[in-house]
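Please take these sequences and the hints and turn them into a complete structure.
Protein chains in written order, with our numbering: chain G, 1 to 248; chain R, 1 to 263.
Read the hints as simulated data drawn from the structure, not as lab findings. Virtual Cβ for every residue (Gly too), placed ideally from N, Cα, C. Don't take each hint at face value.
Per the computed footprint, the stretches of chain G lying under chain R, defined by three or more beta-carbons under 8 Å from a beta-carbon of chain R, are [claimed, not checked]:
{"no.": "1", "segment": "27 to 41"}
{"no.": "2", "segment": "45 to 52"}
{"no.": "3", "segment": "87 to 95"}
Keeping only pairs whose Cα atoms sit at most 20 Å apart, straight-line, the calculated PhoX-like set for lysine-lysine is [stated by the list, open to error]:
{"no.": "4", "chain 1": "G", "residue 1": "Lys197", "chain 2": "G", "residue 2": "Lys103"}
{"no.": "5", "chain 1": "R", "residue 1": "Lys252", "chain 2": "R", "residue 2": "Lys189"}
{"no.": "6", "chain 1": "G", "residue 1": "Lys247", "chain 2": "R", "residue 2": "Lys47"}
{"no.": "7", "chain 1": "G", "residue 1": "Lys177", "chain 2": "R", "residue 2": "Lys134"}
{"no.": "8", "chain 1": "G", "residue 1": "Lys75", "chain 2": "G", "residue 2": "Lys103"}
{"no.": "9", "chain 1": "R", "residue 1": "Lys134", "chain 2": "R", "residue 2": "Lys79"}
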Amino acid sequence: MASSEGKIPLIINGKRTDGRDMEDLRNLRIEVGVIPEADGSAFVEWGGNKIVCGVYGPRECIPRHGASPYHALIKCRYMMSPFASLEEHSRSGPSRRSTELSKVIREVFENLIIAEKFPNTQIDVYIDVLQADGGTRTASVTAAAVALANAGIPMKDMVASVAVGKAGGMLAIDLNKLEDNFGQSDVPFAISHRDRKVLLLQMDGLLTRDEVIQMLEMAERGCDKVHEVQADALKRFYEKGEEEAVKW
Amino acid sequence: MGDEVKDIIMSSIRRDIMNNTLSKGVRFDGRKFDEYRPIEVQRGVIKTAEGSAMGKIGETLVLVATKFDVVKPFSDRPKEGVMVTNSELLPLASPGFEPGPPNENSIEVARVVDRALRSAECVDLSSFFIEDEKVLGLYVDLYVLNHSGNYTDTATLAATAALMDTKLPKIEGGKIIRGEYTGMLNPTKLPVTTTMVKVGENWLVDPSRDEERVLETSMTIGTTEGHVCAMQKGKGSLSKDELITAMDIAFKRGDDIRNILKG
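Right under this line is the structure:
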């Protein structure tokens, strides 16, 4: 990141490269129930990101000796498809990055799911990134929350997620890939809707204390907007009578 | 393995009802024996790929994306490009799919689709030559997103549609300039596969998940305009007459699907 920063102007006349203001989110569209075989599912198109999430469970724990008699295990797999980026065809399968992201996403939902209700079981959250454009982990959390709700898994709260970063020296919400690659910092947040707890927080780059606080406040406002789209998607799904064709 | 077993085993009551309806000449879901579920194709769904398509047969969903890279040619074909087909039976697509390295089913579908595309000669690999030791590699990734039966035909449908959607990358100094294109790949043939299964004495085209659970024989036939381009027998056995009938059906249904691809 540091080596390439500043080479590309990210703020021109107070606007970002895609014409947004600092607090504008990219277009966000959520569809519920896109995987009929799954217990719950969601598709998220967020800027140039296309992410699909399928939830199974609670179901029998595999391997069985890993099961807990006290609560359901939450298992999460985040995967990037080999065709998800504009660059070369990448290798499929887990990478160090996807392993870490699977873990931090799981830790978001371990705070929310009422796992004590389902001892000796597991809940699988599968997330596949079909097309990536910066901010896939926050889009993944946003998708998984909707898919879990669609699966009828009891949760203490809903969660929305968005990243705030620093691009061209300015704090900006929901960085796109260009801003992510050439910006100075990227801080993904996931915030629970009612409790206002931060459930995911990572950071790279250099920031002052005030900047971090300001970013959290921006993230809160952003997460509220994301939550509205999530709630609207779920309402639309349960209200609609006829099956509508999903636009992928 | 619990879910794998649950996914395969069907209750005997359900099996009886299915056999009863079949004996009346109708399928569980009301289709005729040689009828496909509704078929849909949506092209250009992945902008980061050079080509892509979402194939849908009934509820079964397969996304196929194509990407080009500069690779070394195989030593026995130094002037020809390379085509690689991979598949992912994503665990989100079915309670029976599990994470982990590709299993035999996943490898089989990738190889069947690969054979159908390759044998149809719909892609001219000799046009992928760049310079000595450098050719274009075309990756065809099959992503099964929802498995409600017959992902093989859905995958071939989406793969052919993705090839029709594939743009040729601009090459400068032996490198691909990403995001710039010189034209379309334009596949010369449109290979599709038709899968048929035998349940009791009946041959059923485009099996649903329920029908797959009870099938005795499974046969997949790939066709182009006028040619068979791939065949793969799965479980069970079939007679010569049955094979001939299967081919006739495969051509008819194959032409139907080609019309959808062209339309």
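### Task
Just pull the numbers of the violated hints for me, sorted ascending.
Result: hint 7 breaks, nothing else.
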